Amino acid sequence: MITRFFPRSAKYAAWSWLSLRELRAAPAELYGTALFFATILLVFSSLWRKAAEVGLPLGLGSAELVWYLAATEWLLMSTPNVHLDMAEEIRRGDVAYALLRPVSYLSAHCARAVGQLVLRLTLLAPVAFGLAALFAQALPARPAALLQLAGYGLGACCMATLFRVALGLTAFWLHDISPLHWIWQKLSFVLGGLMLPLPFLPEALQRFAAFTPFPNMLYVPASVLTGAAPSVTRVLAQQLLWSGVALVTSVWLFSRARRAMELNGG
Amino acid sequence: MANLSLTHRPRFPTLAFLRALIRTNLRAAFALRAAFWLQVVLMALNNWVFFSFWWLLFRKVPTLGGWQLGDVAVLFGVSACGFGLGVFFAGGVRKLGRSIESGELDALLTQPKPTLLYTLGSHSIVPGLGDIASGLILIVLSGKASLSSVPFIALAIVSSALVYIASGTLFFSAQFWFRQTDTVATKMWEALITFSLYPEPLFGGGLRLLLFTLIPAGFVSYIPAALVREPSATALLSVAVGPLLYWSLAAYVFRRGLMRYSSGNRFGSFGS
Chain Y
1 MITRFFPRSA KYAAWSWLSL RELRAAPAEL YGTALFFATI LLVFSSLWRK AAEVGLPLGL
61 GSAELVWYLA ATEWLLMSTP NVHLDMAEEI RRGDVAYALL RPVSYLSAHC ARAVGQLVLR
121 LTLLAPVAFG LAALFAQALP ARPAALLQLA GYGLGACCMA TLFRVALGLT AFWLHDISPL
181 HWIWQKLSFV LGGLMLPLPF LPEALQRFAA FTPFPNMLYV PASVLTGAAP SVTRVLAQQL
241 LWSGVALVTS VWLFSRARRA MELNGG
Chain Z
1 MANLSLTHRP RFPTLAFLRA LIRTNLRAAF ALRAAFWLQV VLMALNNWVF FSFWWLLFRK
61 VPTLGGWQLG DVAVLFGVSA CGFGLGVFFA GGVRKLGRSI ESGELDALLT QPKPTLLYTL
121 GSHSIVPGLG DIASGLILIV LSGKASLSSV PFIALAIVSS ALVYIASGTL FFSAQFWFRQ
181 TDTVATKMWE ALITFSLYPE PLFGGGLRLL LFTLIPAGFV SYIPAALVRE PSATALLSVA
241 VGPLLYWSLA AYVFRRGLMR YSSGNRFGSF GS
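Sequence order for the protein chains is Y and Z. Under our numbering, the first residue of the first sequence is numbered 1, with each subsequent residue one higher. Under our numbering, the first residue of the second sequence is numbered 1, with each subsequent residue one higher.
No wet-lab data here; the hints were simulated from the structure. Given the structure is predicted, the values throughout are model-derived calculations rather than measurements. Beta carbons: idealized from backbone N, C-alpha and C, even for Gly. Mixed in with the good hints there might be a few duds.
[Claimed, not checked] Just a few of them, taken from the derived set where beta-carbon distance is under 10 Å, the chain Y residues facing chain Z:
(1) GLY32
(2) LEU42
(3) LEU106
(4) SER107
(5) ALA108
(6) LEU201
[Stated by the list, open to error] Pulled a few chain Z residues facing chain Y out of the computed Cβ check, cut under 7 Å:
(7) LEU56
(8) LEU64
(9) PHE203
Just chain Y, with the same shape it has in the complex (with noise of 0.2 Å):
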């Protein structure tokens, strides 16, 4: 329908379609993930079971945390790791051929990210709340929360992947991203509140997240499950500000890069 109206999205929609296609083709690394995601939720929910015999703080339960948790990971999970196959194509040189074809190359790896990324949000959901409702042995408080969760998660997700796809071009300059991709993920890690939510952090440090993408990410979508998510404009003004902070940032990586390339000649 979109195609019939934006005749040259189409070539996106393709793309979008093929890495879909590609992921359903070779599930085995959905099925590594799984069992990735069974481990994580395992170790966590012996974790604070332990911490809840001492006295968990935030007067949080330990099946609250559990879920909090399973909501971190499915969204980190499912976001694709479009920076490292990018960094990848520019590292091999692949990237010469990539920009030839009648295709923005930035747009196209978004299309395909967005084709990745629905797919593993629709798959990895059922193996994520399931192991969270076998290992916390409980439901959510509210499992209304698991809807607006799904809404909140989609936006954090298409944020973080837009960040992920100026971090892929950095191989432009750095050829092996993988240092800048670890800080990056520990980061989002610490200040996303992966695996503790932001109020365990101290004041300076909680300060200094609310300037960074990061809460964005992971905390703020996933603590509509603890019951302390912002409001649904303020959600979703945050999600649009930053996403427009990693496109631009993106762009202009992009033509910087591909300036250098003009004048060193590929």
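Dock chain Z against chain Y, hints included.
Just chain Z now, with coordinates in the frame of chain Y:
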């Protein structure tokens, strides 16, 4: 040049070969000096940022099953050092599944050297040095180590590294029997790393049995860390027996796997 002489025969050829592999890997790692240091420093930073989880948690929760921050620091440190040491000197383990699948072992099978040793030692993962550095600093800062415990720390780290690599060899050797198991083997290895970073008292029942058999986090970190925290004859014996058991099994499985290995039709040189 003297070493290349036809009349020169090293007394222990396998050890000489191992030394040559290590020397070559070190030279290759130092060739790109800036990238080398960047990877090492960022990996150490990465580990400390990850460890900050424990610092944040223990600010709010005083003990976890009797464990305090210092105990977890030793566990994390031993595991990080063991993993770093293992992948720096035997980083080829990470590529083992793909090498089997793509027929890359062909080039090694024609060499007059132990195939497993050659495969594992043919690649070095430089950030492993960052793991070692960050792990050692955590052990020192834990308050659980003293000068007298240095031999135990060294033994614990070497034992952990040996079990890490033996387990990796076992997981990735599944490719000899089943196709496309690289992803699952990788996740198994990651599960081993994950379990090894969390205190032992968290796990009980059947899971505990699993952690001392199929996913040997017990031999990778719990027992070696126990040797550092409270040295005992039992811990010392376990630290020696663990690697022996897992290496015997890994070598046997790899040898059996090689019998099933079917050559690829890939034309190229090893490592390309």
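Worksheet item: Against the structure shown, which of the earlier numbered hints fail to hold, in ascending order?
Response: 3, 4 and 5
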